[in-house]
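Residue numbers (this note's numbering), protein chains in the order written: chain A, 1 to 161; chain B, 1 to 161; chain C, 1 to 161.
It should be emphasised that the hints constitute simulated quantities derived from the structure, not laboratory data.
Hints are supplied without guarantee of correctness; some may be wrong.
Since copy identity is lost for identical chains, a pair holds within one copy or between any two.
[Stated by the list, open to error] As a list, the in silico SDA-like pairs of lysine to any residue whose alpha-carbon atoms are at most 20 Å apart: (1) LYS137 - GLU154; (2) LYS137 - ILE90; (3) LYS137 - ARG93.
Values in this document were obtained by computation on a predicted structure and should not be read as measured data.
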Amino acid sequence: MTDIQEKLDALLDRVRVLEDRAAIGDVLSAYGPAVDAGDAEAVGRLWAPDAVYDLDIGVMNGRAAITEMVRTSPHQDYIHGGCGHLLDPINIRLDGDTAVATCHSLLVRRNTDEDSFRVWRASANRFELARIDGEWKITRRTARLLDGSADARELLGRASD
Amino acid sequence: MTDIQEKLDALLDRVRVLEDRAAIGDVLSAYGPAVDAGDAEAVGRLWAPDAVYDLDIGVMNGRAAITEMVRTSPHQDYIHGGCGHLLDPINIRLDGDTAVATCHSLLVRRNTDEDSFRVWRASANRFELARIDGEWKITRRTARLLDGSADARELLGRASD
Amino acid sequence: MTDIQEKLDALLDRVRVLEDRAAIGDVLSAYGPAVDAGDAEAVGRLWAPDAVYDLDIGVMNGRAAITEMVRTSPHQDYIHGGCGHLLDPINIRLDGDTAVATCHSLLVRRNTDEDSFRVWRASANRFELARIDGEWKITRRTARLLDGSADARELLGRASD
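Please model the complete structure; the sequences and the hints are all you need to start from.
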């Protein structure tokens, strides 16, 4: 019986890891739809209250600053002109109650003069997440434009740390 | 023994959820390769017989209409000119034998006058799926161009319903 | 007890499949960050020593040839000019100690004359992987430009083999 119990507990731990990875994927795959919907509340729920969103073009401190960004210009101009915030497959490194997730992002915007879109920004992304009251939340997102600068390369190089 | 049996059953239920999510991911990640291969049968197998593919530019009713689209113009023109139908990370909400999956899609097409591709369409996507005879199938796909219209934003806003 | 033991073993097998799929996803989602970081060692670790990277524009034989590509021109020119190697959701077919993974890839490069990026290459990809000494490694990657040629369509059509 003890042997069975131990095997069951070990298996449960392995399933928990897979569930955590899925839950982290759920948070990050919810960001693009929420931000392109302009749904500030849905965006806000993905972040910890004291989260930091550190972009090459500025830093937002706290969930309220992030939801304010969604509600205001220029973000509202982008979504009303037509835009999409996309990610590519997310590399997740789980470590107990925290995790690091690395991927690329694209911001595509509709061209006004022709029937197509332009890739306006392509960035390197590092998401830091934590389990807070049983739910995974983004605690920090660092994004750097892939403009040839060392910043983006260094961020991506930390994926496998 | 009863305690162990109950724990085992509970764990089995959790593993089934993870397997369902993986199976849904398999269906949706198979769509792009099949449609860009021009393989109408492989595309058709991913949909329920009475599935609906509701695009901003038209509605296809039933699997036969969807496979006919793959076999004919303009789709065949796109793939022979060079194109790719891409998705970004898929947000899956599983509810027993049905699921909703939300993501962006890109249709990139090769430029004839230069050595690159253009993003011809960027869309918001909502896939509704059901387990039919033990296999996950798409029952409805709604796609709306990210052209600034309320349709696309509302579709994306329903991801977290 | 025998019944419980058998159920536990069966469940363990199912969890192993999910873990293998996650591990394969980890390898493939690590490629883009590593190659855009210009981190040749991190790229190299993802491939088997005798791996083959078969592109429409050339074939690299062995891990050393692949890491040499990362260290040299034109790859170093791309990353210093600003580029991103992105994938879309990866379709994984697992078969014991080997697997096939199919997806699209994009190579976006920063435009020097304006504040945006161009999709320089969009390709069909087939990754073959194997479990080697307990770790998943890429044994072969075949990539074909989505230029309308039969090669890319045939590669994508083999996803569901």
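Against the structure, the hints come out as follows:
1. In the homo-oligomer, the alpha carbons of LYS137 and GLU154 never lie at most 20 Å apart, since the shortest distance is 24 Å inside one protomer and 24 Å across protomers.
2. When the C-alpha separation of LYS137 and ILE90 is checked against a cutoff of 20 Å, the pair qualifies both within a copy, at 15 Å, and between copies, at 18 Å.
3. Taking the shortest Cα distances, LYS137 and ARG93 sit within 20 Å of each other both inside one copy (15 Å) and across copies (18 Å).
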